[in-house]
Amino acid sequence: MSTEIKTEKAPFVRVVKQEGMPFSKRVVVRICFVLIALVVCGFLINAITSYDPVSVYTIMFEGAFGNARRTWATVREMMMLALIAIGLAPAFKMKFWNIGAEGQILIGGIISAGCMIYLSACPAHVLLPLMFVLSAAGGAAWALLPAIFKARFNTNETLFTLMMNYVAIQLTSFFVAHWENPKGSNTVGIINSANQAGWFPEVFGQKYFINVALTLVFAIFMFIYLRYTKHGFEISVVGNSENTARYAGMNVSRIMIRTMLLSGAICGIAGFMAVSGASHTISTSTAGGRGFTAIIVAWLAKFDSATMLLISLLIAFLNSGATEIASKCKLNDYASDMIIGIILFFILASEFFINYRLVFRKKEKGGV
Amino acid sequence: MSSTALSIKNLSKYFGSVCANDHVSLDIYKGEILALLGENGSGKTSLMNMLSGIYFPDEGQIFADGKEVCIRSPKDAYALGIGMVHQHFKLVDVFSASENLILGIDPSKPLDRKKINQELKTICDRYGFEIDPDKKVYDMSVSEKQTLEIIKTLYRGANVLILDEPTAVLTPQETERLFSVIKNMKKDGKTVIIITHKLHEVLEISDRVAILRKGAYVGCIETAKADESKLTEMMMGEKVTLNIERPEIKDKKLRLSVKDLCCKDAEGRDHLKNISFDLYSGEIFGIAGISGCGQKELLEAIAGLQPAVSGSSIKYFRDSEDEATELIGKTPRAIRNMGVHLSFVPEDRLGMGLVGSMGMTDNMMLKDYDSGKLFFTNRRKPGELAARIKKELDVVTPGLQTPVRRLSGGNVQKVLVGREISADPTVLMTAYAVRGLDINTSYTIYKLLNEQKKKGTAIIFVGEDLDVMLELCDRILVLNAGKCAGITDGRKITKEEIGLMMTGSERKQDEH
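Line order of the protein sequences matches chains A and B.
So in this note's numbering, spot 104 of the first sequence is number 104, and the numbers just go up one at a time.
So in this note's numbering, spot 417 of the second sequence is number 1417, and the numbers just go up one at a time.
Treat the hints loosely; a few may be bogus.
Unchecked claim - Derived DEER-like restraints, expressed as beta-carbon distance ranges:
(1) B:1447 <-> A:13: 29 to 35 Å
(2) B:1220 <-> A:15: 29 to 35 Å
(3) B:1331 <-> A:13: 50 to 56 Å
(4) A:141 <-> B:1331: 39 to 45 Å
(5) A:243 <-> B:1254: 27 to 33 Å
Hints are computed from structural coordinates only; laboratory data are not their basis.
Virtual Cβ for every residue (Gly too), placed ideally from N, Cα, C.
Bound-form chain A, shown alone (with noise of 0.2 Å):
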């Protein structure tokens, strides 16, 4: 037939936009696609060290689950990406790029630890409180100077988020030399371990009950904020455009300076519960990579509270597995990294199918 349609020079592959997915296929794209991953990173790791699959998601199960400290491990590890990421929602939906958290997280511990170490004499229900307080407004101040920069004469809240975490790690080290404890470390080493002053008390019997509640207070705190709220849905339009909030009449600068405070605060308190309820020291990894970690847990969960925590456990948990995997196969910690690296890759690659579909050049029907 003459009219058959003649596509041998038609390009072999064309990415095609559509819109309005059902909800329920989005999820099982998603899913399909971190199962993808895993079994990838399976076929991986047994070319490596020529385990089978299956055992090696057992041992990163057992590592992330296997008793119940390996579990809390993990929970108190979720926890901590989940608060931060909570803190970095409000900033980047208004789409003020806070690449600041790992230096609001650093003075928040490092103002956390100076409490334990100068104010151990006072009872904790005294102490607590005044940690909380004090290394949220410390947070809040590292992300208040980039926000006004910002407000004022626009400068790129990027680089000078990301500039203001190297000057928290510079006086994070010289803290930690100054409070050297023993001498000639170079390590403050567990502070009050004696007394355990300004520690998180253990909850129900629980040493990380309140690591949990504090995540899931701000996380509803969150959920409401953003949704509810008048300065939730401020943040909303100035992240939409700022002319538009301009013309509705909001007053940008000031939105932008609160909002910043709040993230800030929010990851100083991240700083807060990294030293007191969790490792009881502070140095320069004590933010560790989780301020960067935490802006794709923010991104792919849309700022939504629930799917932070969701997603906030998937990376803990691959955390915690991924090292056990390291470690049982003799491989260093970037086999970990690369685990994590390949599923990350493959749940952002998700959404690109989600949104765009591939249209593949047709087979030339016989008999032209």
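For this one, chain A is given, so just place chain B on it according to the hints.
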């Protein structure tokens, strides 16, 4: 009839679930001027984009000189002699005319500026273009940029030229010049396709008219046998009478008095210079001018979004002429809090008037979300308002929570205009209120404006289609490079006179 230059068979293009072109078949003959007519969103541009290699068709075939071809990129299109001038020009601002000309052509050849300028001159002489080869694009007027774009396609050897809404940005005089150039090209044997939705232009310039409606091909008609009402009927699919009402003004009261308004940009250049006018209740006050002549700044200055130079004054009168409120130096919120009922439909609908990612309900509360003392937002009233606007203005949306950017352009504008009118304004400002809208929605908007006018609202209407403005506006202020070129009576002035005022002193400046 001469042989076909291009032939389209069953061409379709889909964007997601939206069908932009639905099995369109069309023949284009050598040496003709074909007008491609259709409403906004009827698929004219996407069809032409498939010919020029911007889009790849989802279905169908294209034949050039009787042979089937596959156009995968603009390069392929040029190889077949097809060149397109897009509505948004694709020029490098910091390059000169001749540099833009050779952009992307065979980089291995040495750069011979003399030869290029020579070739440029040949093309200009042949068709009657006027252009300075060394002028930078950023110094050019819109009309010059368009000329350069057309020369560019000719320079690259195009025999079929596609012009996408070429007259939308031109004054009546510039349009005349463009049409004479197009006729010269036709004489030279070139095929020209003009995308447009202006009927009188179709009748003036084209040999044949092809009509698209909702992505589908309706038919082709020889221009000599067509008239406006026939074309409208084909375009709309039904007989419609298109008249814009202009009710007489009743009960004129002073509402706004602008005196010596001056605005400067960040570099200290004048955006607006000494603009003065009075605005009365119950009138539609048009503002005409080439785009970017200060229209945006004027409206934004009144809305409190644009700082004005000291000495400027904008007075708002609530009830009587003794009770004046100065608007200069106040923020939009301060103006609102003083009880000034000022509504503003800005040019950038999704970037300023609405929040694209929010639904109708949230967009309704954009301006009064902070009413009430509670820390929380109240979505009950905005929800009711959204439902009312959806019903009264027939907004097509899957739901009140569907992000408004997913709606079509016409529905987006209905949401915005609906909200601004619902605030019961005494002064209503609209910027390019019907840009990109289909005919029916445009007339809905005109009707809404006239209803407001009858209610005694003072309306400022910034427009670009002079024919419409002459039918709708009571008075028209003509802006020329930020200055007021005069305030005219909309019932008496002609299009040509306004066109001259729009460009008048600009030419005087050139002579100096």
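List of violated hint numbers, smallest to largest: 1, 4
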